[in-house]
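Participant: So the chains spell out like this:
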Amino acid sequence: MEILSNPFLQLALLGGILASIASGVMGSFVVIKRIASLSGSIAHSILGGIGFFYWLKYNQGQTWADPIYGAFLAGLISAFIIGWVHLKYKQKEDAAIAAIWSTGMAIGVIFISLIKGYKADFTSFLFGNILLLSTKHILFLAILDLIILLTIFFLYRYFVAISFDEEQSTMQDLPVTLLYFTLLGLISLSIVLLLQVIGIILVIALLTIPPTIALVFTGKLVNIIISSIFLGMIFNILGIFIAYFVDIPPGATISILCAFAYVIVLVGKKLVLRKRKAA
Amino acid sequence: MTIAVEMENVSFSYGDNLIIKKATVSIAKGDFVGVIGPNGGGKTTFLKLIMGLLSPNEGIIKVFDHSPKEERKNIGYVPQRIDVDKDFPITVLELVLMGALAQIKPFGNVALEIKQRALSLLDQMGISHLQKTSFQKLSGGQLQRAFIARALLSDPDILILDEPTASIDPEAEKMIFDLLASFKEKKTILMVSHDLNAIITQVKSIISVQQTVQYRLPEEVCEHFAMGLYHVPLMKANKEHKKGKM
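Residue numbers (our numbering), protein chains in the order written: chain R, 739 to 1017; chain D, 129 to 374.
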């Protein structure tokens, strides 16, 4: 219990819980709409914004240019481009997603290479470092969570509709394009939220694995969302403690916990089915 | 005679790939039209043009004298089963309610009147006991009936069904055809099917789509299918159909 008085750990746990809310809600939509690779593209292209703001801050002396704002901006821009490609050039969507993925990362790498000297906390954006969260970050995470929750609450039925059947939604005169862009915007917000926890490279694990596990147990979206939030919290909290005690990177630890749990669930499901068949 | 769907010189292509070429079709209100043609021949594109989901490169389409986009809330659509994500986590009732999204608030409770209508449609389809069942657990026939209930929820004047009887059991198929027959003259129906026997016995008119869009006579469809000449243009059939309408 003594370790819970450690302020870094307190902020890390709070950050993990806040990140779980965003990842549980938006990850469920990523999984049911089957847009994991699209979300991966948004996540990786964010590096472009981070690199640019990093360069502004350290090379150009713009102290206001926090890289997290760059991530936020790049996430929204890449969500917009990907959404536009999806709506206008559906047949070439895959290649376009891959192009945005690598271009965003390339921009980030170039700007980072232009920075002279020590590249401070840059690796924490790549692999996450929840143990370095500040009160300012927590406030930022809480605001983003609130935006995501309120938007999903008020547009829930429409988001479900466009996730299931865009054509039927269009036939019912829903503003499908606007809803689709809003959904992608929210996904990019949640990715920015998760950056501090798990990093760009591992973000897709926390976004997609908890809802995929939940989907094994329930066929109702609300239950999937709630279960994903709780699973995310468990993985985050457990991952933070393991990382803290064993002194390994928390982002990678959380990621491996997610994958490990998924494998256990899949194997367990197979065994149960086999047992039922035999009976 | 009221015209439900009118196409004049309509062409549509995906990039350089011409799918529909100079289609001129006139479908009367209350008609039951079977749409046939080979896979990849443009049947679904033809339907999507009528529904306003695609815009033609040239030509004019009118649905009850309006643009398809203005009238699409008046069209119920049953998609091909292959286009549906069978793992999507919703209940049967939630699926049916999607047929009235334009009248439902994006959050909170659904109006009682709409919910009761959805339940009554499920009852009519013989699947009211499945209303709370997850969509993932439905058989092929149950799934098609749920989609038909969704298409009928807003009581549209036009019903478009894309292969509604593909890979379903004979009992479910009979139920679907009986239901469609009960709409005789009340709704305009367009149904895509590869089951030519069903097409010939159930529908009033037949349209074949293979880049060109043409009316066909039942006996000619039978004869040409047997000979594997699905693609032969039948100008005669087209002319006779037009003559019959005059």
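Calculated from the structure, these hints are not laboratory results.
Keep in mind that the hints are not guaranteed to be accurate.
What the hints assert, rightly or not - Simulated pairs of lysine to aspartate or glutamate, DMTMM-like, Cα-Cα distance not exceeding 20 angstroms:
{"id": "1", "chain 1": "D", "residue 1": "Lys-332", "chain 2": "D", "residue 2": "Glu-348"}
{"id": "2", "chain 1": "D", "residue 1": "Lys-190", "chain 2": "R", "residue 2": "Asp-804"}
{"id": "3", "chain 1": "D", "residue 1": "Lys-214", "chain 2": "R", "residue 2": "Glu-904"}
As the list claims (entries may be wrong) - Quick partial rundown of chain R residues pointing at chain D, CB under 8 angstroms, derived from the structure:
{"id": "4", "residue": "Gly-799"}
{"id": "5", "residue": "Tyr-896"}
{"id": "6", "residue": "Gln-910"}
{"id": "7", "residue": "Val-914"}
{"id": "8", "residue": "Thr-915"}
{"id": "9", "residue": "Gly-957"}
Please read these numbers as outputs of a predicted model, since none were measured by experiment.
No residue lacks a Cβ here, since even glycine has one placed at the ideal position from N, Cα and C.
Participant: For the restraint on Val-914 (chain R), tell me whether the closest CB of chain D is nearer than 8 angstroms.
Facilitator: violated (10 angstroms)
Participant: Given Gly-799 (chain R) was flagged as interface, is its beta-carbon under 8 angstroms from a beta-carbon of chain D?
Facilitator: violated (46 angstroms)
Participant: May I ask you to test the interface hint for Tyr-896 (chain R) with respect to chain D, counting a Cβ-Cβ separation under 8 angstroms as satisfied?
Facilitator: Since chain D brings a Cβ to about 5 angstroms from Tyr-896 (chain R), closer than 8 angstroms, the hint holds.
Participant: Taking 8 angstroms as the limit, does the beta-carbon of Gln-910 (chain R) come near enough to a beta-carbon in chain D?
Facilitator: holds (4 angstroms)
Participant: With the threshold set at 20 angstroms, check whether the alpha-carbon distance from Lys-190 (chain D) to Asp-804 (chain R) stays at or below it.
Facilitator: violated (55 angstroms)
Participant: Quick check on the hint: Thr-915 (chain R) CB to chain D CB, less than 8 angstroms?
Facilitator: Violated - the Cβ of Thr-915 (chain R) stays beyond 8 angstroms from chain D, reaching only about 13 angstroms at its closest.
Participant: Taking 20 angstroms as the top limit, are the C-alpha atoms of Lys-214 (chain D) and Glu-904 (chain R) close enough?
Facilitator: At roughly 15 angstroms apart (the allowed maximum being 20 angstroms), Glu-904 (chain R) and Lys-214 (chain D) satisfy the hint.
Participant: Taking 8 angstroms as the limit, does the beta-carbon of Gly-957 (chain R) come near enough to a beta-carbon in chain D?
Facilitator: Nearest chain D Cβ about 3 angstroms off; hint holds.
Participant: Given the hint that Lys-332 (chain D) pairs with Glu-348 (chain D), does the C-alpha gap stay at or below 20 angstroms?
Facilitator: holds (14 angstroms)
Violated hints, listed in ascending order, are 2, 4, 7 and 8; each of the other numbered hints is respected by the structure.
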